[in-house]
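There are 4 protein chains.
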Amino acid sequence: MKDIGFVGLGVMGAPMAAHLLQAGFAVRVWNRTAEKAEALLAQGARRATTPAEAAAGAEAIITMVADDEALRHVVHGSDGILYSLSAGGVHLTMGTVSPQLLRQLTHEHRECGTHLLAAPVFGSKESAVGKKLWAVVGGQAAAFERCRPVIEAMCAGGTYLGEDPGAAAQMKLIINMLISTAVAALVQAFTLGRAGGLAADKLTEVVRRVFASPLYERYGTRLEKRDFDVYFPLKLMLKDLRLVLEMAAAAGVPLPHAAATREMVVAAIGRGFADADAAASLLRTWEATG
Amino acid sequence: MKDIGFVGLGVMGAPMAAHLLQAGFAVRVWNRTAEKAEALLAQGARRATTPAEAAAGAEAIITMVADDEALRHVVHGSDGILYSLSAGGVHLTMGTVSPQLLRQLTHEHRECGTHLLAAPVFGSKESAVGKKLWAVVGGQAAAFERCRPVIEAMCAGGTYLGEDPGAAAQMKLIINMLISTAVAALVQAFTLGRAGGLAADKLTEVVRRVFASPLYERYGTRLEKRDFDVYFPLKLMLKDLRLVLEMAAAAGVPLPHAAATREMVVAAIGRGFADADAAASLLRTWEATG
Amino acid sequence: MKDIGFVGLGVMGAPMAAHLLQAGFAVRVWNRTAEKAEALLAQGARRATTPAEAAAGAEAIITMVADDEALRHVVHGSDGILYSLSAGGVHLTMGTVSPQLLRQLTHEHRECGTHLLAAPVFGSKESAVGKKLWAVVGGQAAAFERCRPVIEAMCAGGTYLGEDPGAAAQMKLIINMLISTAVAALVQAFTLGRAGGLAADKLTEVVRRVFASPLYERYGTRLEKRDFDVYFPLKLMLKDLRLVLEMAAAAGVPLPHAAATREMVVAAIGRGFADADAAASLLRTWEATG
Amino acid sequence: MKDIGFVGLGVMGAPMAAHLLQAGFAVRVWNRTAEKAEALLAQGARRATTPAEAAAGAEAIITMVADDEALRHVVHGSDGILYSLSAGGVHLTMGTVSPQLLRQLTHEHRECGTHLLAAPVFGSKESAVGKKLWAVVGGQAAAFERCRPVIEAMCAGGTYLGEDPGAAAQMKLIINMLISTAVAALVQAFTLGRAGGLAADKLTEVVRRVFASPLYERYGTRLEKRDFDVYFPLKLMLKDLRLVLEMAAAAGVPLPHAAATREMVVAAIGRGFADADAAASLLRTWEATG
Chain R
1 MKDIGFVGLG VMGAPMAAHL LQAGFAVRVW NRTAEKAEAL LAQGARRATT
51 PAEAAAGAEA IITMVADDEA LRHVVHGSDG ILYSLSAGGV HLTMGTVSPQ
101 LLRQLTHEHR ECGTHLLAAP VFGSKESAVG KKLWAVVGGQ AAAFERCRPV
151 IEAMCAGGTY LGEDPGAAAQ MKLIINMLIS TAVAALVQAF TLGRAGGLAA
201 DKLTEVVRRV FASPLYERYG TRLEKRDFDV YFPLKLMLKD LRLVLEMAAA
251 AGVPLPHAAA TREMVVAAIG RGFADADAAA SLLRTWEATG
Chain U
1 MKDIGFVGLG VMGAPMAAHL LQAGFAVRVW NRTAEKAEAL LAQGARRATT
51 PAEAAAGAEA IITMVADDEA LRHVVHGSDG ILYSLSAGGV HLTMGTVSPQ
101 LLRQLTHEHR ECGTHLLAAP VFGSKESAVG KKLWAVVGGQ AAAFERCRPV
151 IEAMCAGGTY LGEDPGAAAQ MKLIINMLIS TAVAALVQAF TLGRAGGLAA
201 DKLTEVVRRV FASPLYERYG TRLEKRDFDV YFPLKLMLKD LRLVLEMAAA
251 AGVPLPHAAA TREMVVAAIG RGFADADAAA SLLRTWEATG
Chain A
1 MKDIGFVGLG VMGAPMAAHL LQAGFAVRVW NRTAEKAEAL LAQGARRATT
51 PAEAAAGAEA IITMVADDEA LRHVVHGSDG ILYSLSAGGV HLTMGTVSPQ
101 LLRQLTHEHR ECGTHLLAAP VFGSKESAVG KKLWAVVGGQ AAAFERCRPV
151 IEAMCAGGTY LGEDPGAAAQ MKLIINMLIS TAVAALVQAF TLGRAGGLAA
201 DKLTEVVRRV FASPLYERYG TRLEKRDFDV YFPLKLMLKD LRLVLEMAAA
251 AGVPLPHAAA TREMVVAAIG RGFADADAAA SLLRTWEATG
Chain S
1 MKDIGFVGLG VMGAPMAAHL LQAGFAVRVW NRTAEKAEAL LAQGARRATT
51 PAEAAAGAEA IITMVADDEA LRHVVHGSDG ILYSLSAGGV HLTMGTVSPQ
101 LLRQLTHEHR ECGTHLLAAP VFGSKESAVG KKLWAVVGGQ AAAFERCRPV
151 IEAMCAGGTY LGEDPGAAAQ MKLIINMLIS TAVAALVQAF TLGRAGGLAA
201 DKLTEVVRRV FASPLYERYG TRLEKRDFDV YFPLKLMLKD LRLVLEMAAA
251 AGVPLPHAAA TREMVVAAIG RGFADADAAA SLLRTWEATG
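Protein chains in written order, with my numbering: chain R, 1 to 290; chain U, 1 to 290; chain A, 1 to 290; chain S, 1 to 290.
Wrong hints could be hidden among the right ones.
Because identical chains cannot be distinguished in the list, a pair is counted as satisfied if it fits within a single copy or across any two copies.
The calculated lysine to aspartate or glutamate pairs, modelled on DMTMM-like cross-linking and capped at a C-alpha distance of 20 Å, are [said to hold, decoys possible]:
| id | residue 1 | residue 2 |
| --- | --- | --- |
| 1 | K202 | E163 |
| 2 | K132 | E205 |
| 3 | K239 | E152 |
| 4 | K202 | D164 |
| 5 | K202 | E145 |
| 6 | K132 | E111 |
| 7 | K239 | E205 |
| 8 | K235 | E246 |
Keep in mind that the hints were calculated from the coordinates and are not lab data.
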């Protein structure tokens, strides 16, 4: 596999596409706001003027877009990738979208003689830059084998979940639920610790000792240091929570913690933090709540 | 420091006392149900017939009991340790109790010329056996220095939080809240994964990759394997949640996730699981809920 | 106003259309499953074979359908009412749908020279039969004046909220949130009372004395008597909760009680109660939860 | 029955005692802060210098105090009513306390040859003044018959629940849970309505039409008018929620809505509203939350 299309050059997509270039793939890129492609063009990417053009002739077209609506937009329509991808080509979708959409697209791709492979990734901007993302993969096994070098050029590795792309979306949403729950609980821990006079660095230290988790340490340190950079925008956390709650509602499984996190996020949205960092916004909201 | 009293030989206390014997301390033990002391007597411990007798002549008396009521019981009264501990002696309390009780006991010990040092520990039975507990310590610095060899004989280490024993209780309750939240979310994740057809071992694998936390791995594996051994009884989780919610109410900090966990625990209590393992009970309750 | 079209002859729509016939209106009816129209035809209604046909020539076309998707279906498309309603005609929508959809339809109707008047109603089957519904009305004041006799033929009355049809949807969703919260709390009250040995009829009596509300009395009596008839299907409660939670998320207002009700509903959905009565299903689910 | 003792002359107790005087009872009053008795003395009450003195020689001693601790305080100890009440006398407790405390006091009174009759009341200051309180009564039937004229002098009526005084506490706590849930939901409704541009008076009007409940109307009007008088202090709502949640935990019945209300109350406590009106404080907190 050599020729790759890449659609979606946001905070995650841009460093992922850069890894592909560094690994020697020929990459044609498209982004809704074209300026975001400049840095990649300087690194050897070619520009496509539509998603369809990015997909035309590619062995695999990667989409790294924010939500169901954005994915539908780049797949369907006259400029979409669905009809321009060559027979046998693979659409490798790496953003976090709903299982239902993936199941619908699986069907549509099959009718076009192309394949959908879902490989949503865990990790934030830093992990994308450091090639530390972890993918969960669902789709045809042969398509996965062909795309494995592409995935490995961008990620530390991946877990293959079987033939159903929807399973990858389910897994992604479930794990994201665990992460957002942990973040929400950490925010409450730091707020309560502060109210009670506990030193924030001591709290981080004990979290490090008890959880021994890089993820908890990363969030703990940010909350301790009051680091307000945007690692993951709040509105995407809201989207993920909506998707997992809908998935759980359809399955008849109550998720009271995700529901509680969602209401915290809504309060932070009400404070104008939709585009701010999720963890930082929840902290500022919670400190102001009581 | 050589002579130690030890009160409370439950699943945690028994292996902790055994470590003290192995480290060469002379240990006098007392437990509400006397038979639990047998194994330790065989390892060289001496038996005390009351908490007061365990404390009499000891440089430090350790209490490892389940809750405020139990701690009050072994401290106060004619058989309690408060008046039998020699001047300058240290009461090292290692169970999870309320900050208020510790602040009250600090005062009472001071009036008796003795010291209260709080060092509640993180970890379950396995960690106690494997000397992998982590302590959070509050109390007089000099008392901590004198007790450090005792603590290090039982734990992998500890974080010193300053002169207020109540701070150690606060920290313990806050971290326990993080843990019970994580467990509750994992239970929901496994229930939802199962409802959606995800293989439980794949879920554990992705949890391992994303959190890279021995604690998440331990709980994930137990939930995956449906391991119903009693590591931590549900009723103690309820007690900890009650304490942290009361502490947070006094501080004016809402804890919606702890509140949600508490209601899950209550549902499991309603199913008769008070003495069963917390994680396992929550899983069985949640699978039956929908 | 004389000629009315009526689309949607469910548990609510059928008795509402019957009231129009009794009041002397000429009514042309359409329903997805045609048999449901039989009783009304016998009372003098005429049958339309499509929504468009029901609207053609009518001064007002009433839609009483379950959700956004159903409303879109009868409005848009070749068989939809949008292009068949005569210029100046009023589309009176009385089901519970999203404010966004109403705002979109307002615009589309305006372009067609027709009017959208939203008048969602409070009350269940019994209230519809007994003409005890209460409407909340949004839309052009002149259209409201013209439709007032129609609304008054079906309802005890209505509250006019101004020119924006979306405001009627907002009001409907907010009040439905109050009702579902009250029902969820009553379910918990009866479950807890039963667990504690309180006689259910005493609980109903005290609820009657304290709230003095026909609505509380109705639900209280049903829960006391374990009346499992279908007054309002659970899946519609889930839909309403989803809509109000989305509306609140967009406004940045947390709704923890609606979120909690939603998770109760999800648990009941998981037990297979989607089409069963909301209050009864929640009761059976809650009694089995603990 | 003629001679009554009355302990606890707060916002509720004072007008209740006044009704007894107006009905011709001889009333001896005691209050922790003695000045609050002045107005009643002017109306013919006699002053007692201790709870014991209020009870001595009385056929019934009424206690109207805020919580378990206050009730224990006036019952036990050398100045308490327990040993001064004459054999056959009735202790009529009308505040909201825990079922456990009432069951303990029942036992203690029985040993003294006296009776405990629990008759907690529904209604706020206004209802107490207007003699519109409603009592729920538990205790010996004969004691209830003897006290009936006393209760009817202060209340619109009461519901007798049987021999167990604890049942009255259970009923009171369950109904208070319904009320606080309704208030919390109304607060969210007004906040959401305001965010969406709905006129507050229209919301009150629709609430009046749909619920037709004086209780909803009272709260709705206060929230609409932003009436910040203290009708029921927030800290008492927190106490009631704590009691009902503990009762439900013991029974194994989850109360997610009470838990959610509790966290709202905690946020309002954090804003310094402990002594402010519950409904008003929740409104101000919620409006500031998002």
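Notebook entry, point to check: When no copy is specified for K202 and D164, does a C-alpha distance of 20 Å or less occur within a copy, between copies, both, or neither?
Noted result: Between. Shortest inter-copy distance 14 Å satisfies the 20 Å Cα cut-off; intra-copy 45 Å does not.
Item checked: 20 Å Cα threshold - placement of E246 relative to K235 -> This pair counts as both: shortest intra-copy Cα distance 17 Å, inter-copy 13 Å.
Checklist line | Alpha-carbon proximity context of K239 and E152, limit 20 Å | finding: neither (27 Å within a copy, 42 Å between copies)
Note to self: Treating 20 Å as the Cα threshold, decide for K202 and E163: within, between, both or neither.
What the structure shows: between (46 Å within a copy, 14 Å between copies)
Next item on the list: Can you give me the call for K202 and E145, within, between, both or neither, at a CA distance of at most 20 Å?
Entry: Classified as between; 19 Å across copies, 46 Å inside a copy.
Note to self: At most 20 Å between CA atoms: does that hold for K239 and E205 within a copy, between copies, both, or neither?
What the structure shows: neither (32 Å within a copy, 25 Å between copies)
Check: How would you label the pair K132, E205 (within, between, both, or neither) given a Cα cut-off of 20 Å?
Finding: For K132 and E205, the Cα distance is within 20 Å only across copies (16 Å; inside one copy 24 Å).
Item checked: K132 and E111: within-copy, between-copy, both or neither at 20 Å Cα -> neither (35 Å within a copy, 53 Å between copies)
Violation of the numbered hints given earlier is confined to hints 3, 6 and 7; the remaining hints are satisfied by the structure.
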